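Visitor: Please model the entire structure based on the sequences and the hints provided.
Numbering (this note's numbering) for the sequence shown: -8 to 127.
No incorrect hints appear here.
Subject to a maximum C-alpha distance of 20 angstroms in a straight line, what follows is the list of computed DMTMM-like cross-link-like pairs (lysine to aspartate or glutamate): (1) K49 - E20; (2) K49 - E14; (3) K(-2) - E33; (4) K48 - E60; (5) K(-4) - E33; (6) K2 - E74; (7) K99 - D111; (8) K(-4) - E74; (9) K48 - E33; (10) K49 - E33; (11) K2 - E20; (12) K(-5) - E20.
Think of the hints as simulated: they come from the structure by calculation, not from any bench.
All figures in this text were calculated on a predicted structure; none of them were measured in a lab.
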Amino acid sequence: MLSKKTKYGLKALTYLASVNNREPVQIAEIAKHENISQKFLESILLTLRRNGFLGSKKGKGGGYYLIKEPHEILMTSVMRVLEGPIAMIPCVSLNFYEKCDDCPDEKKCAVHKLMLQVRDSALEVYRNNTLADLIP
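Guide: Below is the structure:
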């Protein structure tokens, strides 16, 4: 299940992408428009800023803004930053691989085989969507 952190992060990014002039938007405005707790949103936006999706400006007229064009922001990147590994189990993860302690042979493991398909299906969707695709 998608975490609230990821859901709200996607909503905030989409809102920022829909702002025509790319001017900084205050957290309070995003929180109100997207019905998100301002304190929780603040930590999400900080994560997105630290990972190169957003910039911020302090003071009057300050707020958060996209530092890339929406079509340049891949959903694979956003999901990995906000949600963590895309794979549901570590033995099929591309970036966070770990061998499962309870599995002697991945090639014979039914769970491994199924989760590879699940991972590949999710990656297909995320790789073929950018933030621009989410803008209403």
